[in-house]
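Protein chains: 4
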Amino acid sequence: MIKIGIVGGTGYTGVELLRLLAQHPHAELMAITSRKEAGMPVADLFPSLRGRVNIAFSDPVEAPLQKCDVVFFATPHGVAMEQARSLLEAGVRVIDLAADFRLQDPAEFARWYKMEHSCTDLLAQAVYGLPEVNRSAIRAARLIGLPGCYPSAVQLGYLPLLEHAGLIDAGSLIADCKSGVSGAGRKAEVGTLLSEAGDNFKAYGVTGHRHWPEMSQGLKAIARAGGQPMLAEKLRMAFVPHLTPMIRGIHATLYARILPGALDTDFQALYEKRYADEPFVDVLPAGQMPETRSVRASNFMRIAVHRPPVGGSGPSDLLCILVVEDNLVKGASGQGVQVMNLMFNLPETTGLTLVPVLP
Amino acid sequence: MIKIGIVGGTGYTGVELLRLLAQHPHAELMAITSRKEAGMPVADLFPSLRGRVNIAFSDPVEAPLQKCDVVFFATPHGVAMEQARSLLEAGVRVIDLAADFRLQDPAEFARWYKMEHSCTDLLAQAVYGLPEVNRSAIRAARLIGLPGCYPSAVQLGYLPLLEHAGLIDAGSLIADCKSGVSGAGRKAEVGTLLSEAGDNFKAYGVTGHRHWPEMSQGLKAIARAGGQPMLAEKLRMAFVPHLTPMIRGIHATLYARILPGALDTDFQALYEKRYADEPFVDVLPAGQMPETRSVRASNFMRIAVHRPPVGGSGPSDLLCILVVEDNLVKGASGQGVQVMNLMFNLPETTGLTLVPVLP
Amino acid sequence: MIKIGIVGGTGYTGVELLRLLAQHPHAELMAITSRKEAGMPVADLFPSLRGRVNIAFSDPVEAPLQKCDVVFFATPHGVAMEQARSLLEAGVRVIDLAADFRLQDPAEFARWYKMEHSCTDLLAQAVYGLPEVNRSAIRAARLIGLPGCYPSAVQLGYLPLLEHAGLIDAGSLIADCKSGVSGAGRKAEVGTLLSEAGDNFKAYGVTGHRHWPEMSQGLKAIARAGGQPMLAEKLRMAFVPHLTPMIRGIHATLYARILPGALDTDFQALYEKRYADEPFVDVLPAGQMPETRSVRASNFMRIAVHRPPVGGSGPSDLLCILVVEDNLVKGASGQGVQVMNLMFNLPETTGLTLVPVLP
Amino acid sequence: MIKIGIVGGTGYTGVELLRLLAQHPHAELMAITSRKEAGMPVADLFPSLRGRVNIAFSDPVEAPLQKCDVVFFATPHGVAMEQARSLLEAGVRVIDLAADFRLQDPAEFARWYKMEHSCTDLLAQAVYGLPEVNRSAIRAARLIGLPGCYPSAVQLGYLPLLEHAGLIDAGSLIADCKSGVSGAGRKAEVGTLLSEAGDNFKAYGVTGHRHWPEMSQGLKAIARAGGQPMLAEKLRMAFVPHLTPMIRGIHATLYARILPGALDTDFQALYEKRYADEPFVDVLPAGQMPETRSVRASNFMRIAVHRPPVGGSGPSDLLCILVVEDNLVKGASGQGVQVMNLMFNLPETTGLTLVPVLP
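Taken in sequence, the protein lines are chains W, G, H and V.
Our numbering applies: residue 31 is where the first sequence begins, and numbers increase by one.
Our numbering applies: residue 31 is where the second sequence begins, and numbers increase by one.
Our numbering applies: residue 31 is where the third sequence begins, and numbers increase by one.
Our numbering applies: residue 31 is where the fourth sequence begins, and numbers increase by one.
Same shape as in the complex, but just chain W (with noise of 0.2 Å):
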């Protein structure tokens, strides 16, 4: 059994991450902290989970983390990175759920997230934890920055598009998401209530995303990765996300101009084969269209690839690409499962079988 602590449960990438562990035939949960919940039970806060997690949040000084085997952060940022060395010095590996170790560029982290990184000599070792691009790396390591939810949607959708020169503009893409609710977190703020997000659709930060700079980082990394630096110079990028009136899930529409050279390429069989192997990339029949709920409370992600017609003569040179995830499971604690399951050597679908809810 993997000895497994978490700091920091009572959002909704904890109660996730608590769902799935418990559902998890090799983990074993020591200790989850929280300073302001310390000595409630974790079924008074959370009843979903009565009779299935059986310990107490305790607080973060008195718990045993050191004696864990690996540690989540299911914080907010700043809070990883004040902890980590320690957990790292006594053998412990470390997941973290929120954006201390995503950026590796400490300047890119202090303008995005108005702090300064306290440990940047960590970031030399930690690993992004994107299993369908890092697979190898996660397995060796001892320190894990895990990707956002939008990040993890538009990396994987545009990745096919990114190991190969001569297919698209890398200067055009545009990825306009749209996101459940659940996405902003559980806390007590006005624009989150029912009575605001409800039969309600906006856009926000469109004039500028946390989750911009880890996308651009990681995309460009992808390029490089797949022997195409010149798609990661050229790499530009606009992120307009939405907020959904819906729990969970995210929608990214992806578009990304085709270059004339690539009009007939088959980009249908480029993703199908690029995620033939991947137990959690579904690349759709040509012509479907993907819906959050096909994926809720599932680790699954689904793509489909689609040329919408733009008018004129000739093909559209237009690709569109659609990806749904749970921002929950996917985009946070399912992941963390799935790069949990890489670091120690078990199947990597291990616990995260379980069939999306529908309706």
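Hints are computed from structural coordinates only; laboratory data are not their basis.
Wrong hints could be hidden among the right ones.
Note: identical chains are not told apart, hence a pair may lie in one copy or across any two.
No more than 30 Å apart at the CA atoms, straight line, and that leaves these computed lysine-lysine pairs for BS3-like [stated by the list, open to error]:
id, residue 1, residue 2
1, Lys303, Lys33
2, Lys66, Lys33
3, Lys66, Lys303
4, Lys303, Lys217
5, Lys66, Lys97
Given the coordinates of chain W, work out where chains G, H and V should sit on it, guided by the hints.
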């Protein structure tokens, strides 16, 4: 492995049954029929099942149902009673999720369902599939009439009060129930469109609902089985269902007048004791109130016992029992799997340990 | 033009009051205060009001409230009782949408609202602002305590039954009520986030809710005003509120036992006759059931009268009254405007003829 | 008073038209037809209209449509083109909310709507009912083809960019649009059930949608009318609609590449100036983002102008225009009333000053 057939799997109880069986270690799906969708892969209709359910819908005439160990009917009422006999004669057990084998009185069936019952002789061997009431009969049964969604919640909510004399006025029962829209099924109807049922709340069926005679029959049976024939005699209950703008979930708010001599009863203890050994019935600690999402996508039912203030001096004489269940799981398909486990001598919770999905 | 001030207009009753007053032909908004948002244009907080409300929030200290004809308090309880006296002394009429002037007994107020009442002498002149009950007193009033959202529906739902002796057992009342989430206000709280309250249903406040003493006081007053002091004496009522995943709307399902001698009563006629001249109370034809959206964004209340079957022989002895209102209109701000119209000798429906929004 | 007839008023554009006309000071509803519901009082189908619309649906054959001043068609496509001629010959003006008179090219109509156009000669006199583009033609028109919901938002969103040369690459347009479910109409269909469309998000019609040729025709007409035939020639646009789990509202996220020579353009000023005199088009202050509820149940459209960061050096070359409208008001029935006002020489805003409903 239990060889399983499903008749009529294109509705919500059908897809939920598929979800549960796909995660059941001893279930092998042999056939699923649909006249209308014959030939279509199940996963094309329900993309949530891609990679998990790999067969297609088959024509009812051609499906190898006779070779199954058990056949579920996830059809409208009137279908199972036409096909049950030949299956039973072939040694196949039958679990009907619809209403054909719920009511023991064919006249009541005809009155409420507007059709004659076509195999009244089979009614005698049909067992009402509510494990918490009929566990031993279910183990031996070959034909099951599975309870409706509302009746499951209402019967288990009132049960402990009807097994003892002198506690409540059995003539005073009021079941004010609220259901998510999936209870109305996956039928093309105006009334359950998102634009009609969304952001809206209403009562329906106040003048008479098909689940009323089933509840009435069941509650009387509970009283009699508990040695309280007088309570069965006196029993009067109103049932007022409401349509709630959510997908899954039933909340039953059950009222009963406490008899003057029973005002000092510890009803909390009564419920806790009665359900102490039930794996799927969870009595909440005193003072808590259950919410439907605490059982979402799981087979749990949660119950809370309250005595709301009514004014005047002395203790309140009104008991208010709050019950939540997922109408598609404990109220339908999950209960079907629970019953199947009993019929095939498996541990009752096999394949049903899924943790509720929250948020 | 009536010169109007609003204290605390950043909540939902505030914005709804602004919406209604912007469409009222005799209303002139002089000032709206908010300590926190002072200086911010109202339309920046509520873009729905762009072009229609052109003033900014002002600091409570500086606002020219004393020069208004009437001041609405759309604040949490405890504010109006601090400021009402000086306004009244300046000749300004006061309409409090909060609870400060609802309960006549200061001890009850202290018990339920956990604070002492600071101007108990003003309670004597405060009029309870329910026009269908207190129309003439309202016309003459200078200080109004406007009913709560639930109490409006419950009182008008039971009213015709309490004006006559011998109809119902006044000790048997059960008000099972369901409210949209906007009833909880525009406060940053976890419990009313879309991710918490969406796709979910639960009871709350079963052990005691602040609207209970208000309903109790009101129903007794109705009985006494109707010449039925004995009914007032006997009155016992349970109130069980539930949180519903919708934005606006209250549905009250009201139960009462019919006395043996009254089983032949034509309750439908009783209700139709009682409300025949009420412009905002609509009794539905026999057999219909109201839905909350049928009054959405309007000042209407719709009521249906039912006798659900309970089993046994003879007619049902249970009366079930269904009431719907928009909690922000007839349950709050619309009722405030209705009361204002009465106080200023305008036709009662002035500015309140907006047609409900469906779908 | 304008005597008004409505053909086919049982859908959402029908009930919305009824709501608006009931509040219009110069409208007199003479007849509303429905073959299926003939004889049923309108308020029985739509209880929101009780007391406000007092006529019944009448049989299309018997309705006195010829005596009306104007007849609205709130029908599926294919109906208006059968009946328009005889009405026009009788001197009745016709406003079609469906698609029969939108596309000028009958071949395009046949291609997208799968039926031949039956009165192509009338197309020549049909005016496209978008007041911000065609105001003077509308005043003189006898036959109006009212724009679709998506095309209204997309055309007014791009309009200021197409009236000037050199600003954007007209071949790069991408309209990523999101609609509430009421856009699919009040038809009994599985796909728009609450249990299907609720808590879910998906793209649809990516391979081709009927509103695409309408937008394309309209945008080219705008460019030509603005003196930019070259822009019309170059115009290429992708349209990707998405279904959003809300009732009302459209959000269009419109992208266009800024030409190198236009990077210094003040697009905010361009939009503000263009729409300064338009009563129903509201350009938000720079930096704001519109939400659909800010126009709920009103005839307003709100537009925001953004340039999201794309990385690299220099200013962003991507323009992102955000447009919101209520699909049933400015996207359908409200626009119909606006057009009617123009046709009958009423102030354009008559009956359309309703304040948006929020929350």
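How the hints compare with the structure:
no. : hint            : verdict
1   : Lys303 - Lys33  : neither (37 Å within a copy, 35 Å between copies)
2   : Lys66 - Lys33   : within (24 Å within a copy, 48 Å between copies)
3   : Lys66 - Lys303  : neither (48 Å within a copy, 34 Å between copies)
4   : Lys303 - Lys217 : neither (41 Å within a copy, 38 Å between copies)
5   : Lys66 - Lys97   : within (23 Å within a copy, 47 Å between copies)
In summary, the numbered hints that this structure violates are 1, 3 and 4.
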